[in-house]
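In the order they appear, the protein sequences are chains A and B. Its first residue numbered 1, the first sequence is counted upward by one per residue in my numbering. Its first residue numbered 1, the second sequence is counted upward by one per residue in my numbering.
It is worth saying that the hints were derived from the structure and are not from the lab. Please read all numbers here as calculations on a predicted model, not as lab measurements. For every residue, glycine included, the Cβ atom is placed at its ideal position computed from N, Cα and C. Fair warning: there could be bad hints in the mix.
Derived DEER-like restraints, expressed as beta-carbon distance ranges [as the list claims (entries may be wrong)]:
(1) A:P109 - B:S131: 50 to 58 Å
(2) B:G215 - A:E139: 56 to 64 Å
(3) B:G89 - A:G126: 32 to 40 Å
(4) B:R71 - A:D228: 22 to 30 Å
(5) A:L212 - B:G215: 33 to 41 Å
(6) B:K464 - A:D228: 32 to 40 Å
(7) B:E213 - A:Q47: 38 to 46 Å
(8) B:I470 - A:K128: 24 to 32 Å
(9) A:Q47 - B:K280: 54 to 62 Å
(10) B:K280 - A:I234: 32 to 40 Å
(11) B:P338 - A:N190: 48 to 56 Å
Okay, here's what each chain looks like letter by letter:
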Amino acid sequence: MNRRENLKLLFTGSLASGFLLTHCSPKDKELDYSPKITGGTPGGRTQEEILRDQKLLSETFFTDEERKKLDVLVDIIMPAGDDSGSATEAGVPDFIEFMMKDYPAYQTPMRGGLMWLDNYSDDTYGKKFLELSEKEKMEVIDLIAWPEKASDDMKGGVMFFNMLRNLTSTGYFTSEIGFKYLGYKGNTPNAWDGVPNEVLKKHGFEYPEKYLAVYLKPEERGQIAQWDDEGNLIG
Amino acid sequence: MSFEIKSSGEAYDVIIVGSGAGGGMASKILSEAGLSVAVLEAGGDFDPAKEEDRTQLRPPWESPRRGGGTRIRPFGDFDQAIGGWDIEGEPYTRGEGTSFDWFRSRMVGGRTNHWGRISLRFGPNDFKRRSIDGMGDDWPIGYDELKPYYDKVDKLIGVFGSKEGIYNEPDGFFLPPPKPRLHELFIMKGAKKANMPVIPGRLSMLTRPINNERGVCFFCNQCNRACQAYADFSSGTCLIKPAMAKGKVDLYTMAMVRTVTTDDSGNATGVSYISKADMKEYKLRARVVVLGASACESARIMMNSKSKTHPNGVGNSSGMVGRYLHDSTGADRMGIMPDLIDRERYNEDGVGGMHVYTPWWLDNKKLDFARGYHIEYWGGMGMPSYGIGFSMDTMRKHLKDEFGNPSPNGGYGEGLKKDIRRLYGSTLGMSGRGESIPRFSNYCEIDNNVVDKYGIPVLKFHYKWTDQEIKQAKHMQDTFEEILTESGAVLLGKKPGADTMYGLAAPGRIIHEVGTTRMGNNASTSVLNSNCQAHDCKNLFVVDAGPFVSQADKNPTWTILALAWRTSDYIVDQLKKKNI
Numbered sequence: 001m002n003r004r005e006n007l008k009l010l011f012t013g014s015l016a017s018g019f020l021l022t023h024c025s026p027k028d029k030e031l032d033y034s035p036k037i038t039g040g041t042p043g044g045r046t047q048e049e050i051l052r053d054q055k056l057l058s059e060t061f062f063t064d065e066e067r068k069k070l071d072v073l074v075d076i077i078m079p080a081g082d083d084s085g086s087a088t089e090a091g092v093p094d095f096i097e098f099m100m101k102d103y104p105a106y107q108t109p110m111r112g113g114l115m116w117l118d119n120y121s122d123d124t125y126g127k128k129f130l131e132l133s134e135k136e137k138m139e140v141i142d143l144i145a146w147p148e149k150a151s152d153d154m155k156g157g158v159m160f161f162n163m164l165r166n167l168t169s170t171g172y173f174t175s176e177i178g179f180k181y182l183g184y185k186g187n188t189p190n191a192w193d194g195v196p197n198e199v200l201k202k203h204g205f206e207y208p209e210k211y212l213a214v215y216l217k218p219e220e221r222g223q224i225a226q227w228d229d230e231g232n233l234i235g
Numbered sequence: 001m002s003f004e005i006k007s008s009g010e011a012y013d014v015i016i017v018g019s020g021a022g023g024g025m026a027s028k029i030l031s032e033a034g035l036s037v038a039v040l041e042a043g044g045d046f047d048p049a050k051e052e053d054r055t056q057l058r059p060p061w062e063s064p065r066r067g068g069g070t071r072i073r074p075f076g077d078f079d080q081a082i083g084g085w086d087i088e089g090e091p092y093t094r095g096e097g098t099s100f101d102w103f104r105s106r107m108v109g110g111r112t113n114h115w116g117r118i119s120l121r122f123g124p125n126d127f128k129r130r131s132i133d134g135m136g137d138d139w140p141i142g143y144d145e146l147k148p149y150y151d152k153v154d155k156l157i158g159v160f161g162s163k164e165g166i167y168n169e170p171d172g173f174f175l176p177p178p179k180p181r182l183h184e185l186f187i188m189k190g191a192k193k194a195n196m197p198v199i200p201g202r203l204s205m206l207t208r209p210i211n212n213e214r215g216v217c218f219f220c221n222q223c224n225r226a227c228q229a230y231a232d233f234s235s236g237t238c239l240i241k242p243a244m245a246k247g248k249v250d251l252y253t254m255a256m257v258r259t260v261t262t263d264d265s266g267n268a269t270g271v272s273y274i275s276k277a278d279m280k281e282y283k284l285r286a287r288v289v290v291l292g293a294s295a296c297e298s299a300r301i302m303m304n305s306k307s308k309t310h311p312n313g314v315g316n317s318s319g320m321v322g323r324y325l326h327d328s329t330g331a332d333r334m335g336i337m338p339d340l341i342d343r344e345r346y347n348e349d350g351v352g353g354m355h356v357y358t359p360w361w362l363d364n365k366k367l368d369f370a371r372g373y374h375i376e377y378w379g380g381m382g383m384p385s386y387g388i389g390f391s392m393d394t395m396r397k398h399l400k401d402e403f404g405n406p407s408p409n410g411g412y413g414e415g416l417k418k419d420i421r422r423l424y425g426s427t428l429g430m431s432g433r434g435e436s437i438p439r440f441s442n443y444c445e446i447d448n449n450v451v452d453k454y455g456i457p458v459l460k461f462h463y464k465w466t467d468q469e470i471k472q473a474k475h476m477q478d479t480f481e482e483i484l485t486e487s488g489a490v491l492l493g494k495k496p497g498a499d500t501m502y503g504l505a506a507p508g509r510i511i512h513e514v515g516t517t518r519m520g521n522n523a524s525t526s527v528l529n530s531n532c533q534a535h536d537c538k539n540l541f542v543v544d545a546g547p548f549v550s551q552a553d554k555n556p557t558w559t560i561l562a563l564a565w566r567t568s569d570y571i572v573d574q575l576k577k578k579n580i
């Protein structure tokens with residue numbers, strides 16, 4: 001299904017019925033508000049939230065030309081490595097596309113920044129950014145990627161690249177590929193029993209003697225707590 | 001759109017407005033006493049155990065904004081507080097030159113679905129501040145009156161902690177606390193050098209079960225998403241649902257209460273509400289009305305409930321409704337721990353909050369401000385979400401290569417990627433949460449020029465911090481630097497100075513607003529008596545944080561729960577005695 005068809009479905013489906021709801025009685029609540037486009041956030045959403053996600057997902061901010069530029073840029077910022085995929089493989093451009101609509105304050109700096117790349121490339125090389133050689137592309141990027149070395153007339157480009165670096169990095173490290181590369185171990189049921197011993201030792205720590213008897217013992221996690229009248233745990 | 005007022009023939013013993021901590025506790029205690037109860041909630045139903053409501057354990061890529069905040073969920077896309085500072089169609093206004101931000105949750109359980117679960121009892125001094133420093137007022141009750149209820153709340157709901165024997169931080173019936181995380185051990189080391197206490201946290205999460213109905217914590221760190229195992233406290237899962245299962249409790253969702261209705265003698269007869277589902281007005285009748293809509297919303301309902309006998313609004317003969325509004329003070333600071341760069345990976349999620357904290361430890365007689373603050377700590381290898389990897393244009397310089405040369409700020413490529421991986425889990429910080437002075441001049445009132453989309457006049461806030469709070473924030477900043485430095489951390493950012501009131505958060509931002517319907521023995525200077533019963537309407541009660549005379553340097557929820565239980569016992573007693 002392409003975006004246009006999605007849009008049609010959206011307006012004849014959930015959005016239209018959502019509009020109706022404010023005008024009819026609670027009995028008519030049986031109407032279908034389920035999302036028609038995948039990708040919206042699940043879990044306890046209000047109808048307004050579902051409609052908003054659907055609307056944003058059905059719209060496209062970047063032109064094809066801009067999107068091509070974005071794909072190149074995000075992979076310069078987060079390239080593939082021996083042990084990990086690239087930003088485009090991690091779905092970063094789709095994430096940035098969504099954020100442009102979710103947080104419209106990004107739109108003008110992003111659009112203007114991408115345009116500036118072409119303007120600068122044209123002034124300097126007589127070609128648009130995407131038509132530059134790899135070496136020339138990196139010459140342009142190096143002018144705006146290092147805030148402390150950049151010249152004053154490049155500050156606008158630096159601001160643009162800071163924003164792009166933020167979005168690309170955050171998009172990358174909140175993806176499955178990024179989690180694997182980072183080595184994040186959590187988000188799964190477990191029984192916390194403190195910092196692993198070898199890590200404690202490495203940093204020169206021990207748990208305080210005073211609290212050893214007080215801290216949770218994982219083997220007691222199944223026992224229903226009982227107290228004496230003084231508030232001491234007895235079972 | 002048609003508009004009509006519908007009356008339900010049925011009358012309840014009690015109508016409770018709001019399903020948060022106070023309304024939840026009242027619904028449980030009153031229904032267990034055999035009373036028929038209607039609970040009215042301005043938002044929708046919510047149950048984290050239902051798959052369609054679950055956000056717990058979802059990785060960031062299940063959100064198109066990778067967990068970033070939205071207008072309706074400012075604390076993140078998976079956070080379970082539906083509403084926020086700025087709700088579509090439900091505005092509020094502010095007096096010129098004053099500030100207040102009002103956070104509301106529109107859902108069953110209210111703000112208890114996402115709160116930090118920091119569950120501190122007020123201590124003996126916290127009820128008698130005027131006697132100690134001459135500012136504000138004493139409560140008409142003391143710790144001894146509330147202690148039995150705190151004890152019962154501990155056992156009913158569950159809170160972990162450690163017995164410390166600190167006079168103004170009373171111990172309770174604690175579950176075992178979890179061991180500190182690595183960054184918390186660094187903080188303990190630093191605080192020890194600075195001569196400050198750091199003790200196990202006191203949070204309402206079940207490290208061990210307390211009954212067969214609720215599960216036990218499985219350490220995912222996501223209490224703000226509401227727990228599908230009911231292993232943390234939220235009013236919906238721990239109070240409202242059990243009350244509905246056992247007693248005569250009807251839950252009305254999407255019910256926006258407009259007024260408390262009264263008869264010619266001035267007694268409450270029920271409430272009038274707008275159903276958000278059909279935009280029609282309905283009336284419900286009851287022998288007793290209990291407001292637990294949140295301190296400001298309950299005050300709003302009372303001020304909007306005008307009649308011949310209550311020309312200023314029900315409960316407002318004294319003109320005190322809305323007055324003495326106060327929130328906790330708050331300020332933060334952050335650092336980076338060089339020893340934690342390139343750290344070993346392991347699952348460090350823990351519970352959804354701090355495993356250790358610092359209770360107030362100084363004597364105000366030796367300081368230039370009154371009242372104290374506690375310190376909450378944060379850091380560690382939490383689940384990445386929107387915002388991870390930001391600010392490498394200023395942060396990267398903290399990384400050094402094997403020869404000790406710092407990385408350049410900014411950049412791109414594999415080097416940047418590696419540096420973000422190296423930095424992960426090395427930042428940490430702390431937040432002070434302190435007691436402000438309640439003042440007559442800080443208040444909310446009805447703004448007669450503005451209505452919300454239900455046609456209900458909205459609140460207008462007037463609130464200014466004073467030297468007391470600003471000096472406290474300055475002290476916090478000095479303390480934060482001392483702890484961070486002594487822990488071995490490098491401070492990040494500039495120390496907030498006088499130009500920003502030392503980073504003091506705007507009133508309302510800490511979401512501990514209380515005091516708008518304060519209790520007292522004098523009917524001309526307070527709204528409620530010592531049983532949270534309106535001085536001028538004997539079958540009207542308030543069970544949220546409105547009755548607080550002063551908000552201690554503790555989070556208010558445990559006191560809301562204890563006070564609501566005590567008030568509910570009083571209601572049952574008064575009904576039995578036919579006094580109401």
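Status of the hints after comparison with the structure:
| no. | hint | in the structure |
| --- | --- | --- |
| 1 | A:P109 - B:S131: 50 to 58 Å | 57 Å, holds |
| 2 | B:G215 - A:E139: 56 to 64 Å | 59 Å, holds |
| 3 | B:G89 - A:G126: 32 to 40 Å | 54 Å, violated |
| 4 | B:R71 - A:D228: 22 to 30 Å | 50 Å, violated |
| 5 | A:L212 - B:G215: 33 to 41 Å | 26 Å, violated |
| 6 | B:K464 - A:D228: 32 to 40 Å | 49 Å, violated |
| 7 | B:E213 - A:Q47: 38 to 46 Å | 31 Å, violated |
| 8 | B:I470 - A:K128: 24 to 32 Å | 54 Å, violated |
| 9 | A:Q47 - B:K280: 54 to 62 Å | 18 Å, violated |
| 10 | B:K280 - A:I234: 32 to 40 Å | 55 Å, violated |
| 11 | B:P338 - A:N190: 48 to 56 Å | 28 Å, violated |
In this structure, the hints that do not hold are numbers 3, 4, 5, 6, 7, 8, 9, 10, 11, in rising order.
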